[in-house]
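For chain A, the structure is supplied; the task is to place chain B on it using the hints.
Number of protein chains: 2
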Amino acid sequence: MTDPLPDHAPLRVAVLGAGTVGADVLRVIRTSADALTHRIGAPLEVTGIAVTDLARDRGEHVDRRLLTDDPALAIRDADIVVELMGGIEPARTLLLEAMAHGASVVTANKALLAKDGVALYEAADANGVDLHFEAAVAGAIPLVRPIRESLAGDHIQKVLGIVNGTTNYVLDAMTRTGASFDDALATAKELGYAEADPTADIEGHDAAAKAAILASLAFHTRVSLSDVHCEGITTVTPEDIAAAGRMGRVIKLLSIVERVEEEGTERVSARVYPAMLPDSHPLASVSEAYNAVFVEADAAGSLMFYGQGAGGAPTASAVLGDLVTVARQRVHGGFGPRESRYADLGIIPLDGLRNAFYVSLTVQDKPGVLAEVAGTLSSHGISISTIHQETVPAAEGDPERARIGIATYRALESALESALDDLDSSGAVLGIDSVIRIEGE
Amino acid sequence: MTDPLPDHAPLRVAVLGAGTVGADVLRVIRTSADALTHRIGAPLEVTGIAVTDLARDRGEHVDRRLLTDDPALAIRDADIVVELMGGIEPARTLLLEAMAHGASVVTANKALLAKDGVALYEAADANGVDLHFEAAVAGAIPLVRPIRESLAGDHIQKVLGIVNGTTNYVLDAMTRTGASFDDALATAKELGYAEADPTADIEGHDAAAKAAILASLAFHTRVSLSDVHCEGITTVTPEDIAAAGRMGRVIKLLSIVERVEEEGTERVSARVYPAMLPDSHPLASVSEAYNAVFVEADAAGSLMFYGQGAGGAPTASAVLGDLVTVARQRVHGGFGPRESRYADLGIIPLDGLRNAFYVSLTVQDKPGVLAEVAGTLSSHGISISTIHQETVPAAEGDPERARIGIATYRALESALESALDDLDSSGAVLGIDSVIRIEGE
Numbered sequence: 001m002t003d004p005l006p007d008h009a010p011l012r013v014a015v016l017g018a019g020t021v022g023a024d025v026l027r028v029i030r031t032s033a034d035a036l037t038h039r040i041g042a043p044l045e046v047t048g049i050a051v052t053d054l055a056r057d058r059g060e061h062v063d064r065r066l067l068t069d070d071p072a073l074a075i076r077d078a079d080i081v082v083e084l085m086g087g088i089e090p091a092r093t094l095l096l097e098a099m100a101h102g103a104s105v106v107t108a109n110k111a112l113l114a115k116d117g118v119a120l121y122e123a124a125d126a127n128g129v130d131l132h133f134e135a136a137v138a139g140a141i142p143l144v145r146p147i148r149e150s151l152a153g154d155h156i157q158k159v160l161g162i163v164n165g166t167t168n169y170v171l172d173a174m175t176r177t178g179a180s181f182d183d184a185l186a187t188a189k190e191l192g193y194a195e196a197d198p199t200a201d202i203e204g205h206d207a208a209a210k211a212a213i214l215a216s217l218a219f220h221t222r223v224s225l226s227d228v229h230c231e232g233i234t235t236v237t238p239e240d241i242a243a244a245g246r247m248g249r250v251i252k253l254l255s256i257v258e259r260v261e262e263e264g265t266e267r268v269s270a271r272v273y274p275a276m277l278p279d280s281h282p283l284a285s286v287s288e289a290y291n292a293v294f295v296e297a298d299a300a301g302s303l304m305f306y307g308q309g310a311g312g313a314p315t316a317s318a319v320l321g322d323l324v325t326v327a328r329q330r331v332h333g334g335f336g337p338r339e340s341r342y343a344d345l346g347i348i349p350l351d352g353l354r355n356a357f358y359v360s361l362t363v364q365d366k367p368g369v370l371a372e373v374a375g376t377l378s379s380h381g382i383s384i385s386t387i388h389q390e391t392v393p394a395a396e397g398d399p400e401r402a403r404i405g406i407a408t409y410r411a412l413e414s415a416l417e418s419a420l421d422d423l424d425s426s427g428a429v430l431g432i433d434s435v436i437r438i439e440g441e
Numbered sequence: 001m002t003d004p005l006p007d008h009a010p011l012r013v014a015v016l017g018a019g020t021v022g023a024d025v026l027r028v029i030r031t032s033a034d035a036l037t038h039r040i041g042a043p044l045e046v047t048g049i050a051v052t053d054l055a056r057d058r059g060e061h062v063d064r065r066l067l068t069d070d071p072a073l074a075i076r077d078a079d080i081v082v083e084l085m086g087g088i089e090p091a092r093t094l095l096l097e098a099m100a101h102g103a104s105v106v107t108a109n110k111a112l113l114a115k116d117g118v119a120l121y122e123a124a125d126a127n128g129v130d131l132h133f134e135a136a137v138a139g140a141i142p143l144v145r146p147i148r149e150s151l152a153g154d155h156i157q158k159v160l161g162i163v164n165g166t167t168n169y170v171l172d173a174m175t176r177t178g179a180s181f182d183d184a185l186a187t188a189k190e191l192g193y194a195e196a197d198p199t200a201d202i203e204g205h206d207a208a209a210k211a212a213i214l215a216s217l218a219f220h221t222r223v224s225l226s227d228v229h230c231e232g233i234t235t236v237t238p239e240d241i242a243a244a245g246r247m248g249r250v251i252k253l254l255s256i257v258e259r260v261e262e263e264g265t266e267r268v269s270a271r272v273y274p275a276m277l278p279d280s281h282p283l284a285s286v287s288e289a290y291n292a293v294f295v296e297a298d299a300a301g302s303l304m305f306y307g308q309g310a311g312g313a314p315t316a317s318a319v320l321g322d323l324v325t326v327a328r329q330r331v332h333g334g335f336g337p338r339e340s341r342y343a344d345l346g347i348i349p350l351d352g353l354r355n356a357f358y359v360s361l362t363v364q365d366k367p368g369v370l371a372e373v374a375g376t377l378s379s380h381g382i383s384i385s386t387i388h389q390e391t392v393p394a395a396e397g398d399p400e401r402a403r404i405g406i407a408t409y410r411a412l413e414s415a416l417e418s419a420l421d422d423l424d425s426s427g428a429v430l431g432i433d434s435v436i437r438i439e440g441e
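The listed protein sequences derive, respectively, from chains A and B.
Heads up: the first sequence begins at 1 in UniProt numbering, then just goes up one per residue.
Heads up: the second sequence begins at 1 in UniProt numbering, then just goes up one per residue.
In short, the hints are calculated from the structure, not lab data.
Glycine is no exception: its CB is placed at the ideal position from the N, C-alpha and C atoms.
Incorrect hints may appear among the rest.
Label-pair restraints from in silico Cβ distances [stated by the list, open to error]:
hint: 1; chain 1: A; residue 1: 9; chain 2: B; residue 2: 296; range: 54 to 60 Å
hint: 2; chain 1: A; residue 1: 349; chain 2: B; residue 2: 10; range: 38 to 44 Å
hint: 3; chain 1: B; residue 1: 77; chain 2: A; residue 2: 63; range: 50 to 56 Å
Here are the simulated SDA-like cross-link-like pairs (lysine to any residue), alpha carbons at most 25 Å apart as the crow flies [said to hold, decoys possible]:
hint: 4; chain 1: A; residue 1: 115; chain 2: B; residue 2: 235
hint: 5; chain 1: B; residue 1: 158; chain 2: A; residue 2: 279
hint: 6; chain 1: B; residue 1: 189; chain 2: B; residue 2: 235
hint: 7; chain 1: B; residue 1: 158; chain 2: A; residue 2: 37
hint: 8; chain 1: B; residue 1: 158; chain 2: A; residue 2: 33
hint: 9; chain 1: A; residue 1: 158; chain 2: A; residue 2: 279
hint: 10; chain 1: A; residue 1: 158; chain 2: B; residue 2: 235
hint: 11; chain 1: B; residue 1: 158; chain 2: A; residue 2: 312
Some chain B residues near chain A, calculated using beta-carbon distances under 8 Å [what the hints assert, rightly or not]:
hint: 12; residue: 140
hint: 13; residue: 303
hint: 14; residue: 324
So that you can see chain A by itself, here it is in the shape it has in the complex (with noise of 0.2 Å):
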């Protein structure tokens, strides 16, 4: 480094939560300090680290000397805070507050972005000071500042995500050994790549969270958490994963913001559940914990994004990209983008949606049952793409049973909710088992 370093008074930098991600954070702020004052054009000076546990060994980065359990006191003059304990309480009242006193914010908070993020951009915007949340959103991937900037001349039709890691660990395992859902968590929680308490991942929340905020960005509209349509996948089988196989199809759980319009109106669809993609899909191979975004704009066509969703790391890389930002703009004037919602569009509800399905059954093996259950769907006008039945093996005297898997092409959703209503009167269908959607073709 042969450059002299910037000689420019140092920004005051508080870190709420010190738990991985906070300590890689404190970490790199220090073993690449100088390369951080050259990049901002000023020295990075933590001024406090709020924690809950102030006992609690964090490695040789974390300055014992800064640690406080008042978070409140660690935002007191603060110029940047980087809050990383996330939750809705305290975070939100801190943020507020340092806002308040003028402060930029950095924060990885998807579950309060999603729920009141309108709170932190007015709050923003009132003061005149940044709020960037990169790491809120798969991770390492550059994702939100591509969204906001790099694609703000475009127009932007569908976003579709593979944004939690845990849940396509599961989904990429079951379909890899043919394991069950509860085997392949389990595998999971033993391999780190699923918490204790896995619900707000194999549930969808989580990925839920980040739908919102990507479609709030994407459509310039205010989408909330509250607006996603939201699916996990603990109701996903082996027989699924199978089926989709023999169709050429891998199951994952995607979340998908999308354009829709209708008779001359856009409205915004928000949606989280398990899908089935061809297996040429880009996304279809994204292995493991990884996530990929894949986003379809007018202009720019087809884009994808990939790399690791989540870890101390690689979620460090994304908040430290963000403070750098916020940081020159402390030094060298000018705000980033703010919330951008002035397009204002409606929410489209699930069931106006039209998309393809695979539906499950298990029916009577007798004749005509097959030539009912199409007559069914053709009357609420679904087309079948493709079918397939098999003999399910019955017990000594049980009568004779078939599984019928049905691919369909486009159908209204609420179509579909009708034809499985008649479906499940009928006395020929013994079982609805799986209904999944289809994406991406």
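Frame of chain A, contents of chain B only:
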């Protein structure tokens, strides 16, 4: 759009060049005027469009009243100059002049940036204006912004990219069909994937310009075109492609920029050559004219960016993203990242690198030749990883010949060079058919 349009004086935009990309940029400025005004905080007003041929029809969205064949006139009084004319001069002089007048610049001119970026960076610095060039590398794929900003707190080790669509199309066609280079190139020309004079693409010059730009950004060091080792794809044969396939590899033209540490000193390598990649590498499946860039950083781990690297609309998308950023900065103050060259690393020449190689030799088909070849490589410290030998059909009366394909472990480039010299002068070796590096393992 429910929010009222911002009330701010228009920003004056001059566009230099109105070919495919320029016409697309002008179309979006016109058709998405309100959306852009919201995103920027002020309307854009195109005040001049410089072209060489005033008579040519450029479609309905290029206002003929704004056309001029005097680019110096077009840039006068502009707030922002969008340069899409390409080439070194007069683009260089015009951009320096525009910046001297206080205009910010958006350019897609990779040749100019790679050859004389320093003059542009310094002019932007000296005049306190912005210089953005996302479209110069990999078209619509957000890459410059992620590397300069998203990864600004990370430490990039290596960037491995397919950044030239023409060569990827040709190599992909050779791989799919077994065609010769000449035949695949002819097809690419017919389909519009190769220009009438494809020299800059097939000789690697275009990829080398992008490598220079990427290396400068990734390593905070000035790297210019003359620092990039460059080999094209004209010598790749169907036999090389087949040999790669036998080994579970594909051949891609790669732009590689890498941080190389030796004895505590870091240097930068920037190079372009056709290389074999394992089928399992994320870049291996990038087909047709698509681009993709793989980035390895200390904290973020492996990231990949994928999309359309060329074409009017995709390039226009990148230009428009930059235009919005630059325009926002004119309205709200601040400026984007400046040239960052503080690290000032030296350039490591190719022969100082350690690479793995595939070497194909034609030899006399007699006992002891394989041992002799292996011995020669070994005497230069080169270990063999795999070897494949086959007899070459000989004409009646000719001596028997064999072809040996060898994959080596990593060895110094200079050692391989010496070994090839020795092999070349060995009586048993009738010819060195190919030398192709192996990457991504």
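Results for each hint:
1. 9(A) to 296(B): 54 to 60 Å: Cβ of residue 9(A) to Cβ of residue 296(B): about 35 Å, so the range 54 to 60 Å is violated.
2. 349(A) to 10(B): 38 to 44 Å: holds (40 Å)
3. 77(B) to 63(A): 50 to 56 Å: holds (53 Å)
4. 115(A) to 235(B): Since the Cα atoms of residue 115(A) and residue 235(B) sit roughly 58 Å apart, the hinted pair is violated (cutoff 25 Å).
5. 158(B) to 279(A): violated (29 Å)
6. 189(B) to 235(B): holds (18 Å)
7. 158(B) to 37(A): holds (22 Å)
8. 158(B) to 33(A): holds (21 Å)
9. 158(A) to 279(A): holds (20 Å)
10. 158(A) to 235(B): violated (41 Å)
11. 158(B) to 312(A): Holds, because 21 Å separates the two Cα atoms, which is no more than 25 Å.
12. 140: Nearest chain A Cβ about 4 Å off; hint holds.
13. 303: Holds - the Cβ of residue 303(B) comes within 8 Å of chain A, reaching about 4 Å at its closest.
14. 324: Constraint on residue 324(B) satisfied, holds at 4 Å.
Checked against the numbered hints above, the structure violates hints 1, 4, 5 and 10; every other hint is satisfied.
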